[in-house]
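Trainee: So you can see what is in the structure, the chains are spelled out below.
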Amino acid sequence: MLSLLRWVIARDLTLAIRRRADVLTTLFFFVIVVTLFPLGVGPEMDTLRRMGAGVLWVAALLASMLSLGRLFAADHLDGTLEQFLLIPQSLSVVVLGKIIAHWLVSGVPLVLMAPIVGLQYGLSPTALLALLASLLLGTPILSAIGAIGAALTLGLRGGGVLVSLLVLPLYVPVLIFGAGAVDAAVSGLGAEAHLSLLGALLLLALVLSPWTAAVALRISIE
Amino acid sequence: MLEVANLACIRGERLLFKELSFSIRPGELLVVGGANGSGKTSLLRMLCGLLLPAAGEIRWQGRSMGSMRDVYPAAMMYIGHPNGLKDELTGLENLRFATALSGAPASRERIRRALARMGLGERELLPTGWLSQGQKRRTALARLLLSDCSLWILDEPFTALDKAAVELVQSLLEEHLRDDGLVVLTTHQDLEVAAPRLQRLHLAQ
Amino acid sequence: MVPQKINWFKYSSPATFYFLAGKMIPWFAGAAVAFFAWGLYLGFFAAPTDAQQGEAYRIIFLHVPAAWMSMFIYVVMAGWAGLGLVLNTRLSSMMASALAPTGAMFTFLALWSGALWGKPTWGAYWVWDARLTSELILLFLYIGFMSLQATIEDPRRADRAGAVLALVGVVNVPIIYFSVRWWNTLHQGASVSLTQAPAMAAVMLQGMLVMALACWMYSIAVVLARVRCIILERERHSAWVAEFLEGERQ
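Protein chains in written order, with numbering that gives the first Met the number 0: chain B, 0 to 221; chain R, 0 to 204; chain U, 0 to 249.
Keep in mind that the hints are not guaranteed to be accurate.
What the hints assert, rightly or not - Not everything, but these chain U residues come out facing chain B in the computed CB check (under 10 Å):
#1 132
#2 138
#3 146
#4 147
#5 151
#6 152
#7 161
#8 162
#9 163
#10 164
#11 170
#12 171
#13 175
#14 177
#15 178
#16 179
Unchecked claim - Which bits of chain R does chain B cover? Going by a derived footprint, with three or more residues having C-beta under 8 Å, they are:
#17 72 to 84
#18 87 to 93
Keep in mind the hints are simulated off the structure, nothing from the lab. Quick caveat: nothing in here was measured; it's all calculated off a predicted structure. Note that beta-carbon positions come from the ideal geometry of N, C-alpha and C, so glycine has one too.
I would like the entire structure built from these sequences, with the hints used as guidance.
Mentor: Quick look at the structure:
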């Protein structure tokens, strides 16, 4: 099972490296959205400092959702997804592998970029640290929940818009605890409570969503 | 032995076929024919478990297919209409991953030999996206050489293949049947397989 | 006499259920009208004017039952959908599809009546109260379910995909509610709170319960009517529908 997991992750990472443009698009989308907000609300540093965590988290949510289309659609088109469904081992393991690869490709770059764009919002080092930690715990949840949405909308007309409708409401808790962690750290309450809740959500998502997405894939491929 | 009893298929709102029954024994070849849209691909997808039958049952070695999600997939090889290859990966990488999925990855040497036999000796390190349609199909069919599955389910295996390649695949099928393998395939072309036991199934509209 | 065994599975066949539902609808519709009349009487005439909120509070006789129904229907819908997914019974999935619009309607009603109530009470149509926010997200979940089912053409896939989504929603609703509560208590200004309801007069509670019953009866009647339409649409190629429609025409 572990070797299957390793193979799937290795394959998806190889594919991502050979299609670097896709990865960079997501990252630039994130940076551009974050940059647009001050242009909309004005450059007062105090306002921006208060909004910073929320804006960065919403941008991360959108960026992660934008890349969900890649999760299964390409494999569906060229027939490799069917081969996944026919393996003697569990499909959930394959899906877990694809979730991890999706996170490595579209989540980790955002996490690494966040402290840099966070400086645009005048976030303090404490806030940046909390932001980094919350994104590190939260973005894998986005990939895991998103996989269910991507599997359900596989091959549908207008699937890209539909997936946002299905997935964004489910992202609400991640957004609340993620942005809340930064606020709590800034206000001196400490981010531990938020981060542990995010960790609990991450465990829950990693246990339940690969299996659910596998069920959804079998339904969609029929 | 693969047995099919009273199988029915409904796609969307259309009944494609019903009360379809047949059985295939080791060394036997089943050729499924019929017009476009008569349900050939749907039948094949049902046989490999991608599609749930609307009615009826499929049994492998006497046991219902639904009851063994591990034994049956390990005994069966399905090559569908899409090739199941990633354009960004080389033929070698594609096949290594495909074999890894079904259990153990084949060695590079073995994959090279298989690709060479399919006439792709010098192209094993090219990204699959650079190959022609026929060469892609050959790469996909090279999976047949790398597996020890006893049941082959092939959807239009001869599409895009040139004459030499068609003959090659036909000889592969013959070898497999001689080794007591089972084959189900769909085709529009005249098949010249020297199969000791050949069944034809025509799906009418 | 040998007691005849009731074949319950008979009613899970869409054809049988179609006619059964047709017989049940008038009863539930009648009950709905009666309960609405009683509930509205209690709400408008029997219940006293509230000391703090004046007459405006009377909207809770609609608002609270609608909010109850919106959450309850989601759970029932997910239950039917899950049953359809596991047991492969078509009728259960049809029930789930029929419940969704009614549930969404009650969610919208709860939000709308909440806004109308909020204006005189808090001076704003919308406050980011935890319950209102959760209700809004619930509306999004309903819309997601309906859009997914509407986009998928194959009814079988639509049923099953919708079921997965509804079940994922059910797991998530408590988490969402909890997280919104948490968020709300951290950001809440002190002025607004729905939780400190003043002691309620017995007649107010009674009015709300009767209105809730009325909403129940209404939902059942509407859902049965809608499921009949879905059955006819899905089974339009079957022999019994052809016979039935032939009979209607004559």
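Trainee: A closest beta-carbon separation below 10 Å is what the hint needs, so does residue 138 of chain U meet it against chain B?
Mentor: OK, holds: residue 138 of chain U within 10 Å of chain B, min 9 Å.
Trainee: Hint residue 170 of chain U vs chain B: min CB-CB distance below 10 Å?
Mentor: 7 Å, holds
Trainee: May I ask you to test the interface hint for residue 132 of chain U with respect to chain B, counting a Cβ-Cβ separation under 10 Å as satisfied?
Mentor: 9 Å, holds
Trainee: Given a cut of 10 Å on the nearest C-beta pair, is the interface hint for residue 178 of chain U held or broken against chain B?
Mentor: 4 Å, holds
Trainee: Less than 10 Å between beta-carbons is the criterion; does residue 146 of chain U satisfy it with respect to chain B?
Mentor: Nearest chain B Cβ about 6 Å off; hint holds.
Trainee: Establish whether the coverage given for the stretch 87 to 93 of chain R by chain B is satisfied; the threshold is a Cβ-Cβ distance below 8 Å, and no fewer than three residues must meet it.
Mentor: It holds: at least three residues are needed, and the stretch 87 to 93 of chain R offers 3 whose Cβ sits within less than 8 Å of chain B.
Trainee: Would you check whether residue 177 of chain U satisfies its interface hint, that is, whether its CB is within less than 10 Å of any CB in chain B?
Mentor: 8 Å, holds
Trainee: Next item in the hint list is residue 161 of chain U. Is there a CB on chain B closer than 10 Å to its CB?
Mentor: 9 Å, holds
Trainee: Just to be careful: measuring from the Cβ of residue 179 of chain U to every Cβ in chain B, is the smallest value less than 10 Å?
Mentor: 7 Å, holds
Trainee: Tell me if the interface restraint on residue 147 of chain U is satisfied: Cβ within less than 10 Å of some Cβ in chain B.
Mentor: Hint holds; residue 147 of chain U Cβ to chain B Cβ min 6 Å, cut 10 Å.
Trainee: Mind checking the CB of residue 163 of chain U against every CB in chain B and telling me if the closest is under 10 Å?
Mentor: 5 Å, holds
Trainee: Per the CB criterion, is residue 175 of chain U less than 10 Å away from chain B?
Mentor: Hint on residue 175 of chain U: holds, closest Cβ of chain B at ~5 Å, below 10 Å.
Consistency note: the structure conflicts with none of the earlier hints.
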